[in-house]
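Asks: The lines below spell out each chain.
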Amino acid sequence: MNMSTEKTYIELYQQFSHAIQKPCAPLLNAPRDAAMDAFIRMGFPSSSIEDYMYTDLSSAFAVDYGLNINRLSIPASPNDVFRCDVPGITSWVYFVVNDSFYIAPHQPKLPDGVIVCGLNEAAEKYSDLLKQYYNQLAPNNEVATVAFNTAFAQDGFFMYVPKGVMLEKPIQLVDIMRSDVDFMANSRNLIIIDEGAKAQFLECAHTADGVQFLSNRVTEVFVGENATFDYYSLENTHNKTTNIASLYLRQAASSNVLVNEIVLHNGLTRNDVQIDLQGEYCQTMLCGMAIGDKAEHIDNATLLVHAKPHCQSRELYKYVLDDSSVGAFSGKILVAKNAQKTEAMLTNRNLCVTPTAKMKTKPQLEIYADDVKCSHGATIGQLDETALFYMRTRGLSEADAKLLLMYAFMADVIENIRIDVLQDRIRNLVEKRFRGELSKCTGCVVCK
Amino acid sequence: MLTIKNLHASINGKEILRGIDLTVNAGEVHAIMGPNGSGKSTLSAVLTGNPLFTVTQGEVFFNGKNLLEMKPEDRSREGIFLSFQYPVEIPGVSMANFMRTAINAHRAYKGLEPISASDFLKLMREKKELVELDSKLASRSVNEGFSGGEKKRNEIFQMAMLEPKLSILDETDSGLDIDALRIVAEGVNKLKRDDNACVVITHYQRLLDYIKPDIVHVLYKGKIVRTAGAELALELEERGYEWIKQQVDEE
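Protein chains in written order, with the working numbering: chain A, 24 to 471; chain B, 26 to 276.
Mixed in with the good hints, there may be bad ones.
Think about it this way: if two alpha-carbon atoms lie no more than 30 Å apart in a straight line, the pair counts; the simulated DSSO-like pairs of lysine-lysine are [said to hold, decoys possible]:
1. B:K135 x B:K30
2. A:K425 x B:K215
3. A:K425 x B:K96
4. B:K161 x A:K425
5. B:K270 x B:K96
6. A:K317 x B:K96
7. A:K425 x B:K153
8. A:K455 x B:K147
9. B:K190 x A:K425
10. A:K425 x B:K135
11. B:K246 x B:K215
12. B:K270 x B:K215
13. A:K317 x A:K364
14. A:K45 x A:K154
15. B:K161 x A:K455
16. B:K90 x A:K425
17. B:K30 x A:K455
18. B:K135 x B:K215
19. A:K317 x A:K383
20. A:K455 x B:K135
From chain A, some residues computed to sit far from chain B (all C-beta separations above 10 Å) [unchecked claim]:
21. S96
22. D407
23. M414
24. G418
25. L419
26. E421
Selected chain A positions facing chain B (in silico; Cβ < 7 Å) [what the hints assert, rightly or not]:
27. S82
28. A85
29. F412
30. R415
Treat the hints as calculated values from the structure; they're not laboratory data.
Ideal placement from N, C-alpha and C gives every residue a C-beta, glycine not left out.
Work out the full structure, taking the sequences as your base and the hints as a guide.
Replies: Structure, rendered in structure tokens:
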């Protein structure tokens, strides 16, 4: 392997090890060296590795990015540079700019016991919690970008919802990439939803400047027994962005989790989701949608692990690809030997609107139990010509007819949003996106 | 209103229409009958601009405008409507959204503002009563999960919403029980005016018991081989198509 790109970062790590560690709590520093060793062993994933067959991340790291190891503060406050696409869901709003945590002004008080703060602050103040949870799910030895994150991560987002607390409103985290030079951030999120608690979380990813960005984010989520957690992610970044978002979520018994990952606009995106059902009677809905045009590239890689009996999971990913955009999906459901009475359904459906759009899909089932109900399937197709003609005979222009069909195609993913106002907002954004009114990310100067 | 001259059309290089001549005036109801494979559905497809068919010869004028040069959507906006033999299911697109988009496209073509939400709902309510469609119609996906009869009633509902000048009903009676047939036919009859026209394409006489044609044509091997009054339909019902086929083949 040509390790020159890796070499740059390895040297950076070794040379600035002290600077990386200096602003950080010991808990964040503890796993760095081992993670760096794992990274050195693996190198950035190239397309020769099966899990990255359709998305070569090694070249994405080859850009000469700046890193803000010395934690210089950014010149403007997030509120000034950013107008959110999902306003008015009356949530608690927080920002992570690159990897630094900010609280939006005038936030209502959080319920007693609920903690939201920067990850580094949490590592200082709540070391007992962090000791128990931080870096416990991240597969540093298997996924190079995760190991890279663990080695470099200095801050990010932390949230803790204690036992039995139900949050009435969603928590919103707005991630903004901000820089005057090509820039990389390795931010890290940790979310703990304790027994019987309930929370809804929306994370939006944006870019604020016209430089090349690489965001390599790792999120670990623990959902306790009987807890309910919704995780929505919405990406609206510009075409010069590489967004690597890795979500590792563990469910305890009888918990209920919904993950819905929406890529509206992007450059190169790789989303990894791994959900471990580590207790009986868990319910999981994992879904996502991607809308691609121009040369956008979206790769979703998911793994659902049914480790215990009597769990139900549904997975649904949909792509609409226009122009020369590329979509990739690999979804695997693993049912362990003792996970009897598992019900798992995996569906991936895709529309290629042009002959130059490409979709690669790989749904997989790996089942070791013998009393389960599982299915998986994928389709790649074009817009239904008969339906298009039918609609045109009613006076709809070809463009309007296509729009309605593409929009209808995404309808069931949107219906899987359990926050009404967010569902309306996403519906509106998706429609705008298909109309071409959102063909640039908000306020963007880069996308042509 | 509609003038077809020497129309030839083919699909995949195979000629289906071989010189159709037909004139339809405002206020008239025409029936086009004929054995299977004679080109009846092709004629409706060509008139509405189905891209699967190629017009190789001839011309079609609709209210003085060259129809064959128009896109399917513009033909609709000019006032041509086709009730499909096999209405298409469109999962995820609600009838309300579909019809509002259609009506607004028609209105924009005429230089009118989009219809207001309340006017639209009123219009939907009024028109769906005409064909006795259920109250949940607006939120249902276009034709999805509709029974055969509902699909055909839904076609007539759309016709009522769009108020075309020329309606072409392609085998609207196929797959209908007698109640549905009555509802569909009554719907069509209520929409009939002096300034619009209707072409009923059918294999059987039975729809014509409800929708009385002024003129009956027989299509065979891609040509109109007989034209007469309503009595021709009755004769076909009684004697079948064999005698006409024989006569024509001998000619």
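Asks: Indicate, hint by hint, whether the structure satisfies it.
Replies: Comparing the hints with the structure gives:
no.	hint	result
1	B:K135 x B:K30	28 Å, holds
2	A:K425 x B:K215	33 Å, violated
3	A:K425 x B:K96	15 Å, holds
4	B:K161 x A:K425	25 Å, holds
5	B:K270 x B:K96	35 Å, violated
6	A:K317 x B:K96	28 Å, holds
7	A:K425 x B:K153	26 Å, holds
8	A:K455 x B:K147	27 Å, holds
9	B:K190 x A:K425	26 Å, holds
10	A:K425 x B:K135	22 Å, holds
11	B:K246 x B:K215	34 Å, violated
12	B:K270 x B:K215	35 Å, violated
13	A:K317 x A:K364	44 Å, violated
14	A:K45 x A:K154	19 Å, holds
15	B:K161 x A:K455	27 Å, holds
16	B:K90 x A:K425	27 Å, holds
17	B:K30 x A:K455	45 Å, violated
18	B:K135 x B:K215	25 Å, holds
19	A:K317 x A:K383	17 Å, holds
20	A:K455 x B:K135	25 Å, holds
21	S96	47 Å, holds
22	D407	8 Å, violated
23	M414	7 Å, violated
24	G418	4 Å, violated
25	L419	5 Å, violated
26	E421	7 Å, violated
27	S82	37 Å, violated
28	A85	41 Å, violated
29	F412	6 Å, holds
30	R415	4 Å, holds
Checked against the numbered hints given earlier, the structure breaks hints 2, 5, 11, 12, 13, 17, 22, 23, 24, 25, 26, 27 and 28 and satisfies all the rest.
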